[in-house]
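Asks: For reference, the chains in residue letters:
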Amino acid sequence: MAAIEVRGLVKTYGALRAVDDVSFSVAEGEFFGIIGPNGAGKTTVLELVEGLRAPDSGEIRVLGQKVRPRNAALMPRIGVQLQASSFFERLTAREQIRTFAALYDVSTARADAWLERVGLVEKAGTRVEDLSGGQAQRLSIACALVHDPELVFLDEPTASLDPQARHNLWDLLRGIQHAGRTVVLTTHYMEEAEALCERIALMDQGRILELDSPRALIERLGVESLDDVFLELTGRAYRT
Amino acid sequence: MSTRAFTSLSRAILLGFLRDRSAVFFAVIFPLMFLVLLGSIFSDQRQPRVELLEIGSVALFDALPAQARSEFETAFDVRRVDDREEALAAVRSGDADVAVEMQGERLVAHYTQTDPVRAAITQGTLRAFVDGANLALSGTPPRFSLETRSVEDDSLQAIQFVTPGLLGWAVAMSASFGAAATLQGWRQSKLLRRIQLAPVSTRTVVAARVGVTVAVALGQMALFLALGVAAFGLELTGAWPAAIPLLVVGTLCFMAVGLLAGAVTRTAEGAVNMANFFVLPMAFLSGSFFPLDVAPRWLQTISQVMPLRHLNDGMLDVMARGEGAGAVLVPIGILTVFATVITLLAARLFRWEAT
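Same order as they appear, the protein sequences are chains C and E.
One point on numbering: in numbering that gives the first Met the number 0, the residue at position 99 of the first sequence is 98, and numbering is uninterrupted.
One point on numbering: in numbering that gives the first Met the number 0, the residue at position 287 of the second sequence is 286, and numbering is uninterrupted.
Here chain C stands alone, though its shape is the one from the complex (with noise of 0.2 Å):
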């Protein structure tokens, strides 16, 4: 059984077609990328499948199941990453997890737990607002994973983080893939996707470009990088 099934995903917001007839599949266990530049849909995508918004039309299975009407029983089987800054204002670090982890009934000892495997025990007690960017995203990263679900959700993780602190997160999220996760990523970047990703679906104006392995990609057009894959099938040098 697929983790993930969607077929003919359309949204609109006015005349702005946000998301145009994706289809995709992930398999259990896989890392899949969705990439493409900001406003290209991947969040929509995203919080579609999540069951955030209604589609205007399309189905959507998520482990199996419908996601609309909310659907409680789905909760706690996924892990949800929506930002960096989803936090109860003015929380320590360890207050915040413990709070996702109660909301998720899951013990205490397993919330600290978590807030080891991401290193931020000696940030513990550190407000949410006094964190750096990168603690912050895996505070929000171990908040998003606190309850074990067996698949993940990623919405730019390492976005604004500085390449040092993206790649700490990198061997993060390779962990949490290994521990039999299927994970979901949104990114715009190609060098992430490329790193992470088994497979990407190449996303640019709502519609899904491409859809296979980043070495796939890479051969078939004949370019050096993910990078030129990506100028290649938009055609657009500079982007604004």
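The hints are simulated quantities; they were obtained by calculation from the structure and are not laboratory data.
Hints are not guaranteed to be accurate.
[To be verified] Residues of chain C placed beyond 12 Å of chain E at every Cβ, according to the derived structure:
| hint | residue |
| --- | --- |
| 1 | R16 |
| 2 | I59 |
| 3 | D111 |
| 4 | A112 |
| 5 | D161 |
| 6 | G179 |
| 7 | L220 |
| 8 | E231 |
[What the hints assert, rightly or not] Pair by pair, the computed Cβ-Cβ distance ranges are:
| hint | chain 1 | residue 1 | chain 2 | residue 2 | range |
| --- | --- | --- | --- | --- | --- |
| 9 | E | R347 | C | E149 | 35 to 45 Å |
| 10 | C | D227 | E | G210 | 49 to 59 Å |
| 11 | E | T266 | C | A14 | 24 to 34 Å |
[As the list claims (entries may be wrong)] Partial list, computed: chain C residues near chain E (C-beta under 7 Å):
| hint | residue |
| --- | --- |
| 12 | A71 |
| 13 | M74 |
| 14 | P75 |
| 15 | Q82 |
| 16 | S84 |
| 17 | E88 |
| 18 | T98 |
Note that beta-carbon positions come from the ideal geometry of N, C-alpha and C, so glycine has one too.
Based on these hints, arrange chain E on the given structure of chain C.
Replies: For chain E alone, kept in the frame of chain C given last:
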């Protein structure tokens, strides 16, 4: 509803509030500053003594028996001036209320008409002393006597009226600001969405937010009453505990105001400003800062459409006017209607996304 999720969420929200210095300031310290200010201004509410200038020596005053003398000094602040012209000039310029001289057996009082009430009191009091002196000279024991009793309890001072009004304002601020800021902040940071994707019901989240707001309101009440009693001689009258359920319903009503502000604005700051835009004028028009009894009729009519007016009135009834617990029933009913209507409106205008 999961108890653990509820407890944990409540704790998170409460900590978020207690660690927010500006929220605590506006919910607790700021209104308490007003309580201290108004409490001090009004704590000595007696009429100031009449300033009396004694021109030369006034034999009548000197001859007063000891008891009359002390009553005289309670009523008048006496200063001896030897120059008549100087004394009259002082009265004319408002530096003194009355100048008194003896012309033979006649007591002549030069007074100013600028404050007619004060002028009347001055004349009446002086006349009473002259009559008393005449009676004493006649040697006849007085047949009638007068004893004065204030119908108000000694405790019925301004602090009794100021405390409920300021408490109402404080609760209106903290409940509406809290709801507005939480809704906006959580929406901005997508925490609202994040919680939506956790296995907790909306009911649990709402209950935690409401629970914390109500707890904060009751904490405000305890602080206000404690400070009022300890520092300003506040004495609670009647069925004052009936103010508790009233305050709870009032809190819900102002939470709804905050939700509405949060629903129609785009940023947390905007939401709080909008809430303040509703609450501050309402506080003025609902008698939080000054009693409405002296306000013009049209203003009293307008204030009837403000939920805070009913909260203040109800609290005043049971905390200061000595009325029974039944006095809160009508305000509770009215506030319930307000809360329901405003909540429905907020729910209608609510959007999940910040953009």
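Asks: Now look at each hint and say whether the structure bears it out.
Replies: Hint by hint, here is what the structure shows:
no.	hint	result
1	R16	holds, 18 Å
2	I59	holds, 15 Å
3	D111	holds, 15 Å
4	A112	holds, 18 Å
5	D161	holds, 22 Å
6	G179	holds, 21 Å
7	L220	holds, 36 Å
8	E231	holds, 32 Å
9	E:R347 x C:E149: 35 to 45 Å	holds, 37 Å
10	C:D227 x E:G210: 49 to 59 Å	holds, 56 Å
11	E:T266 x C:A14: 24 to 34 Å	holds, 27 Å
12	A71	holds, 6 Å
13	M74	holds, 4 Å
14	P75	holds, 5 Å
15	Q82	holds, 5 Å
16	S84	holds, 5 Å
17	E88	holds, 5 Å
18	T98	holds, 5 Å
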